[in-house]
Amino acid sequence: MSAGTPKSLASSGQKPIQEICHPLGAEETASVLTPSPDVGNTITSIGGKTTRVEFDLPEYSVRRRYQDFDWLRTKLEDTQPTHLIPPLPEKFVMKGVVDRFSEEFVETRRKALDKFLKRVADHPVLSFNEHFNAFLSAKDLNKRLGLALLSKMGESVKYVTGGYKLRGRPVEFSAMGDYLDMFTQKLGTIDRIAQRIIKEQSEYQVELREYGPVYTTWALSEAELQGPLEGVASCMANCSSALDELTQDMSEDFLPVLREYVLYIESMKIVLKKRDNIQAEYEAKLEAAAFRKEEKASCTQVPTDVEKCHDRVECCNADLKSDWDRWQNNKRQDFRQLLTGMADHNIQYYEKCLAAWESVIPLLRDKQPQETETEED
Amino acid sequence: MVEEGSTLLRRMEISVAEAEKRTGKNTVNMQEIFTVYLIETRPIDAITEGHNPAPDSLWRRYSEFEILRNYLLVTYPFIVVPPLPEKRAEFVWHKLSADNMDPDFVERRRVGLENFLLRVASHSVLSNDKILYHFLTEADSRIKALSATFRVKNPDKRFTEMKHYSDELQSLTSQLLRVRARVADRLYGVYKVHGNYGRVFSEWSALEKEMGDGLQSAGHHMDAYAASVDDMLEEEEHYADQLKEYLFYAEALRAVCRKHELTQYELETASSDLISKKQQREELATGMVRTFSFKGMTNKLFGQETPEQREAKLSLLEEQIVQGEETVTEKTVECEEYVKGAWVDMQRFKEQKDRDLREALIGYAVMQISMCKKGIQVWTNAKECFHKM
Chain G
134 MSAGTPKSLA SSGQKPIQEI CHPLGAEETA SVLTPSPDVG NTITSIGGKT TRVEFDLPEY
194 SVRRRYQDFD WLRTKLEDTQ PTHLIPPLPE KFVMKGVVDR FSEEFVETRR KALDKFLKRV
254 ADHPVLSFNE HFNAFLSAKD LNKRLGLALL SKMGESVKYV TGGYKLRGRP VEFSAMGDYL
314 DMFTQKLGTI DRIAQRIIKE QSEYQVELRE YGPVYTTWAL SEAELQGPLE GVASCMANCS
374 SALDELTQDM SEDFLPVLRE YVLYIESMKI VLKKRDNIQA EYEAKLEAAA FRKEEKASCT
434 QVPTDVEKCH DRVECCNADL KSDWDRWQNN KRQDFRQLLT GMADHNIQYY EKCLAAWESV
494 IPLLRDKQPQ ETETEED
Chain U
137 MVEEGSTLLR RMEISVAEAE KRTGKNTVNM QEIFTVYLIE TRPIDAITEG HNPAPDSLWR
197 RYSEFEILRN YLLVTYPFIV VPPLPEKRAE FVWHKLSADN MDPDFVERRR VGLENFLLRV
257 ASHSVLSNDK ILYHFLTEAD SRIKALSATF RVKNPDKRFT EMKHYSDELQ SLTSQLLRVR
317 ARVADRLYGV YKVHGNYGRV FSEWSALEKE MGDGLQSAGH HMDAYAASVD DMLEEEEHYA
377 DQLKEYLFYA EALRAVCRKH ELTQYELETA SSDLISKKQQ REELATGMVR TFSFKGMTNK
437 LFGQETPEQR EAKLSLLEEQ IVQGEETVTE KTVECEEYVK GAWVDMQRFK EQKDRDLREA
497 LIGYAVMQIS MCKKGIQVWT NAKECFHKM
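Listed in order, the protein sequences are those of chains G and U. Going by my numbering, the first residue of the first sequence is number 134, and it counts up by one from there. Going by my numbering, the first residue of the second sequence is number 137, and it counts up by one from there.
You may find that some hints are simply not true.
[Unchecked claim] So these bits of chain U aren't anywhere near chain G, every CB distance computed over 12 Å:
#, residue
1, Gly-160
2, Arg-205
3, Arg-316
4, Val-329
5, Ala-363
6, Asp-481
7, Glu-487
[Said to hold, decoys possible] A few chain U residues that face chain G, going by a derived Cβ cut-off under 8 Å, partial list only:
#, residue
8, Gln-311
9, Glu-346
10, Leu-497
11, Ile-505
12, Trp-515
13, Lys-519
[Claimed, not checked] Covered stretches of chain G, going by a simulated chain U footprint (3 or more residues, C-beta under 8 Å):
#, stretch
14, 342 to 348
15, 396 to 409
16, 480 to 487
Since the hints were derived computationally from the structure, they do not count as laboratory data. Note that this is a predicted model, so its numbers are computed, not measured. Just so you know, even glycine gets a beta-carbon here, dropped at the ideal spot from N, CA and C.
Go ahead and model the full structure; you've got the sequences and the hints to work with.
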């Protein structure tokens, strides 16, 4: 789980990765506990191992709540405004619509939180963030939380809502924005198709559940055909439960990950917007400086704050480009995994049905009354 | 040619007005819920005269209609007797259970029963039947006694069982065919929706650089998956045809059992006729009245007839008895031969049915296996494409 090609990120103010002894990232595993009764929130237990030097201990285990993750994310956004911060699963869920303590919901959330931590740990810059360190190892986050609440309106907000107008966006960033829009569309379509398939499969199952029992009823009226008919009936029952598992797997594994990716895209869009605003701010300041320069012909130096702005733009662009590449890579892996998973679920379903039907063939062919002989598979 | 006023319907207005639920005990003394139907009749001349009399009415349940129809079938074997509506709710769409208590079914049955009565009552021959008139107007359960009198007393038990089996076979195969069609319909839907994946993967692949090829090929496999269902369902139709054949075979089997009942019934009627004629002869010959008879009563009340009259009657009876004995012998032979021949063929049919249906089930299983294998193939191919993404 190492970061991508180690790049020198001198302008981001962190040590270049090559200078750190171990290029490995910290590894975390997250596991879920039962809900905490008093506050009504789920506590996540994070166990982790690290080979990084800046951590005190090689192993640690802490308990965190959703709002702790939220705090971490805000902190990361504040301290790394030019970087893509991975998204968290949805904060608010409507009561009554989703059972916040149901196994599926908790598990889905756990996977999303796990993914969040992995993505941060994977990032060559974010993984060194002091707040990330604290999140993973500090016994008590509460004090920091208090401060965090005060500084809720962080720097990142300023960058997003900057009131400067952008002149010329570099083509590559425009292309990124276009891609994200179209990609969101495709994901939406895939989501709808997956839901439709689940619905059709459920309706198919309703009919299957009525189909099998007719064979059982018929078996009661028959003598020699009783065995074969009952065999067919039980075969159908097996296929029906296999289908049930497939539908559940798709609902639990496929759809949530797909939806979570939409949030990831949103995070990326925000980063693009921030970049635009930084560039716009620079352009505005540059223009203002040029204007002032005209007035004071003597000034030959470029004012320092304009230079700072320029630096910021350059740094932001560089960060964004590397984050984009990483994001694209992750996306590729994530979707490869997601779609392969979908294929696997379907293959398993058909394999179960195949096994059921193949095992019934000898029963159908056998004309002797069955004497508790086991069927060949 | 039908004369004016010659059919019952011309003289009487008949309708099956309502349906209600009742509870009662059945023949094995268990509680059951059943539906009864209200038969209303009004004389037409009263209506045309301007009076509006309240209709006479009585309640009858479906089984009583069945008894009436069976009686008509036996009594008028040369008449195409109108059918009754369905006994059970079959051929029902969009319903998860074929429920005889379903209000829509009950309503449609009510209409069907009314239709039956109207057809019978407008038939030139059937409408004159006294039992029919009784059925419509007398609210007693004599109709049930009727079923006892015309029903066969000693049918071959094997034929009764076979008839029962033929009913089951008919009901089950038709139910199976119905549900199978619904299952096929749903399966079609599942496969076809996957075709949408084909389209969206193709569109998406245009956006991507490295992922493009993998996505594109995967999309093709999804299209192939969606298209594969057409051939598979077409193949399954063969299985449906095999079931249908036995659905109709069940009807033929039932007819054989009914014919046995008819021949047996004719034999029993001939036998009891003969017995009563012999009794009459004995009474005439000895002057002793063994059983109550109208003739006997009138003789006692109004005096006996002359010796010549008695002689004439006796010799007529003797003739009839001789004829009757011939008939009974004929009918007995007919019956026995029928039973023998029919039983042999029913055994043959049973073996054929077991063979054919077993083959059909094997064929069906083989089809399902082929379908599963194709599914595995397609998704494995798609998975490989996803790997290459």
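Find the hints from earlier in the document that the structure breaks and name them by number, from lowest to highest. Structure breaks hints 3, 4, 7, 15.
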